[in-house]
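Undergrad: Protein sequence lines, in the order shown, are assigned to chains H and S. Heads up: the first sequence at position 238 corresponds to 238 in the working numbering, and the numbers run straight through without jumps. Heads up: the second sequence at position 240 corresponds to 240 in the working numbering, and the numbers run straight through without jumps.
Just so you know, the hints here were simulated from the structure itself, not pulled from any lab data. Model, not experiment: these values are computed from the prediction. For every residue, glycine included, the Cβ atom is placed at its ideal position computed from N, Cα and C. All the given hints hold, so there is nothing to weed out.
Here are some chain H residues pointing at chain S (derived, C-beta under 10 Å):
1) M178
2) L189
3) K190
4) P191
5) P201
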Amino acid sequence: MQAQVKQRALPGNESVLRLIWQEPLGRAGLLGVTLIVILAVLAPLISPFDVAKMHPKAKLAAPSFVYLFGTDHFGRDVFSRIIHGARVSLVVGIVSVSISAGFGYIFGMIAGFFEGKTESVILMIMDVIFAFPSILLALFIVSALGTSIVNTMIAIGIVNIPVFTRTVRASVKSVKSMDYIKNARSVGLKPAVILFKHITPNVLAPFTVQATLALSGAVLTEASMSFLGLGIQPPNPSWGSMLSDARKYMEIAPWLVIFPALFIILTILSFNVLGDALRDVLDPKLKL
Amino acid sequence: MKNLLEIRGLQIRTPRGKDVIKLVDKVDLDVGKKQSFGIVGESGCGKSITANALMQLLPYPLEVSGGTARFDGKNGEVELLSLTADRMRSLRGREIAMIFQEPMTALDPIFTVAFQMEEAIRFHNASINKKEMRERALEMLRRVNIPRPEQTLDSYPHQLSGGQLQRIMIAIALMNNPKLLIADEPTTALDVTIQAQILDLMNELKETADTSIIMITHDLGVIAETCQHVAVFYAGQVVEEADVGSIFHQTAHPYTIGLLRAVTSLGGEEKKLYTIPGIVPPGGLWGQGCRFADRCVKRMDKCIKDMPALAEVAPGHKCRCFLHSGEVEA
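Turn these sequences into a full structure, and let the hints steer you where they fit.
TA: The following block contains the structure:
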């Protein structure tokens, strides 16, 4: 009997990654994300050339075995720049999502748990941030703070705070109305204990899903900002600025556009698909 | 203090737009020591929020706007409604405990039963060690007749049935020997056979644990089986109050009569289940007269103009109806 009970406990403890792997889409997302992460982490080891090294004799060279994805108008190796660009994209994505998730969690918790005036004020501020198109707001912030990679991350981070605040607030409110929170209060637990021990773990699922989805949004925003020249600055490689530089040579050297665009699409698609799969696994109720 | 709990003039209200809406209106209740006190009424009568107000657990934006609730606690008499948050917290679980309607959601799904039982002990007994806590939890599970308590302790809520969970909730509630147990529709979500078991269990525990029970329910069958004294709530007021025998046999208020007729019975002669026409008027839509007047079969002209007072119709039996007393509410 003991063994039987233990066995039934298993589905809950089964690794989330394994559950995602069982779904075809989840598997695709996981593979895509893993590929990008490996490329980014190993970039210094596997890139054939230095990102800034120019090859004057091979300007705008077509893809070949030497230059896998061809070269740009300075003769720089596109493949090396793309995998270094993956690094930049992921770092910007992760750091900015951490910023927005961190603040969003705090604001969402406060708004959802304390309700009343505090909630209205927080939501009002979030609505104001929400009202601006995200790229426009990020551009404002960067032009106010100055262009640098850190400021880009801060800008994208701020822009995404409202989404997290709303997600966390909504989940906190629904968890709060559950009887087990009422019960926790009626046995005399302190609000802090209820918040961290009983509410936080129960809102983690939508929070994690939101983080995965926000990551792809952050990558896209960074690419757009760099495309407009207000994101990552040269000589640091970024997919967005590579696309921007490539505009002039699009007709004679299409690989300059194709490969960065392909990687942007691959990254965003992978994270979105992974996010969806994560949601299906963590919170089956949300499945459409 | 003669009684365990004396509620006087309890009022609960909620803001709606610019207005303030009364939800509970001047309720007086006396709960005796070791008594089981039933509160019965339809949904939306203010039964649950009355109980929640006693523990200062009213959901936002509801608030208590008047009245007192004196409670004869373990450390002397306290007034529950004006206690500071900290003192209230030390009372919850230790002196007043509560069980809820939905046992399936009353335990946190991500922690084991043991964790949640220990949490309830630890908070009020700082010095207790892990082993003692587990002993205590096991003992409580045995008291509420859980088969295989050791195993149950290490289960997660989703592995247990509704009946088992409600037993565990009762065990948690009684863990610190509270003087008052508030049971908010403890059997509504359970099927009939389990209902009977849970009610038997509560009766049994009341005898052994020296605890008073406030049983909130809309089921007169539950009242008949467990309570000694009953208050019938209607639209935020007490409309009839008496010992359980008088409520069932010398029923005075037309609303209570309606409730009694609406009880399903096996082998009854009526072919169709009786229902009281209409719904409880929500807060804000109460007229100046009797709040039951709209639905009452014995309505008189007077009922629409004036509010009857809760007057004694027999010793210990109060009723709010002009059929029995001409007294008008001040």
